[in-house]
Amino acid sequence: MQERVTHEDLMRFLDGELPPEEHARVQAAIDASTELAREVAIYRGMKGRLHALSFHPGTYHRSVWDGVHQHLTRPIGWILTIAGAAVWVVYGVYVFTASPVDLWQKLATGAVVIGILMLLTSVIWERYREWLTDPYRDILR
Amino acid sequence: MQPELERELIRKCKAGDARFYEPLVRAYEPPALRLATGMLGNLDDARDALQDAFVKAYEALHRFDLRRPFGPWFFQILRNHCRDMLRSRQARFKLEALDENLEHRPEDAEKGPERTRQRTAASEILWRALEKIGYEHREILVLKELQGFRYNEIAEILDIPEGTVASRLFHARHALKDALDEMGAELP
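These protein sequence lines map, in sequence, to chains A and B. Sequential numbering of the first sequence, starting at 1, is according to the numbering used here. Sequential numbering of the second sequence, starting at 1, is according to the numbering used here.
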């Protein structure tokens, strides 16, 4: 008695994934059954149509390499910039505090610098909060 | 790409030299774009997914086993990323830009505009049916039919046993057949 052909057997048959003896068994079952033959014809037709959707984007498409490269190298750039700036800030503060100018000049300059930093921080924070609640932030313009 | 060359490039990337990543990106870009477009349904989201997946893969290279091929490992990352994109608000399967730019075939041009129009109409019906059947079914059909992967490769990318591939393909094809039936598309 012939072994039953399962749906999985049929898929492997269609996709050329069966060993030769199994392939022959399924082929014999298909030859003997019009219902199976019809099913195979439908799936084969769909396979062909799906296969025709495949495309070769290489010739039409701009490579994503530039974007990938930017992502990979940007963190290194940021680390170097921040580290360098931090060294300069520390050195600047040291030179400023160790300089022989009057205390009131140091306090006034310090107040200006701290004031500018506070204003900058509040603007950035404000923008960030606006962005968080912006209902249109995912809309491409 | 030759496996030995691929391993050498990955070794150099693991050592921290990003320049050697470029040949890998360029080699895997066309099939990866095809995969992402099939999963997301439009070229813009597919390009975004591709770029993010290449960055993720580079950052995870230290975990990559050099005895394995890069392709299935990378496609797994890409597939997971596409899935995450579809789950989040960033993207949904939308049929945009899947036009004649992608479908352009020289043999169609030779056969005239009627042939091109027929092919475009048939493709659109098929894409719509793929949209209908949902992500789970679509991804396995894309891997098999658009990419032409073998069952063992699909199993590796989807992280499922090889025996499950045939069964998932059956359900996906059955769902596609039902979707095409519902849309009144002609089946053989």
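Because the hints were derived from the structure by calculation, they are not lab data. Keep in mind that a hint or two might mislead.
As the list claims (entries may be wrong) - Capping the alpha-carbon separation at 30 Å, the derived lysine-lysine pairs in DSS-like fashion look like this: (1) B:Lys132 x B:Lys177; (2) B:Lys132 x A:Lys47; (3) A:Lys47 x B:Lys177.
Said to hold, decoys possible - Derived list of chain B stretches under chain A, where covered just means 3 residues or more per stretch with a C-beta under 8 Å from a C-beta of chain A: (4) 21-30; (5) 44-58; (6) 122-136; (7) 139-150; (8) 158-169.
Glycine is no exception: its CB is placed at the ideal position from the N, C-alpha and C atoms.
Going through the hints against the structure:
For the hint pairing Lys132 of chain B with Lys177 of chain B, the CA-to-CA distance comes to about 11 Å; that is within 30 Å, so the pair holds. Restraint check: the Cα-Cα separation between Lys132 of chain B and Lys47 of chain A comes to about 17 Å, which is no more than 30 Å; the hinted pair holds. The suggested pairing of Lys47 of chain A with Lys177 of chain B holds, with an alpha-carbon distance near 11 Å, which does not exceed 30 Å. Check result for the region 21-30 of chain B against chain A: holds, 6 residues qualifying (beta carbon to beta carbon below 8 Å, three or more required).
Under the rule that three or more residues need a Cβ within less than 8 Å of chain A, the assignment of the region 44-58 of chain B holds, with 6 such residues. Requiring three or more residues with a Cβ within less than 8 Å of a Cβ of chain A, the coverage given for the region 122-136 of chain B holds, as 4 such residues are present. Interface restraint, the region 139-150 of chain B with chain A: holds (7 residues with C-beta to C-beta distance below 8 Å; minimum three). Beta-carbon proximity to chain A at under 8 Å applies to 4 residues in the region 158-169 of chain B; the threshold of 3 is reached and the given coverage holds.
Every hint from the earlier list agrees with this structure, and none is contradicted.
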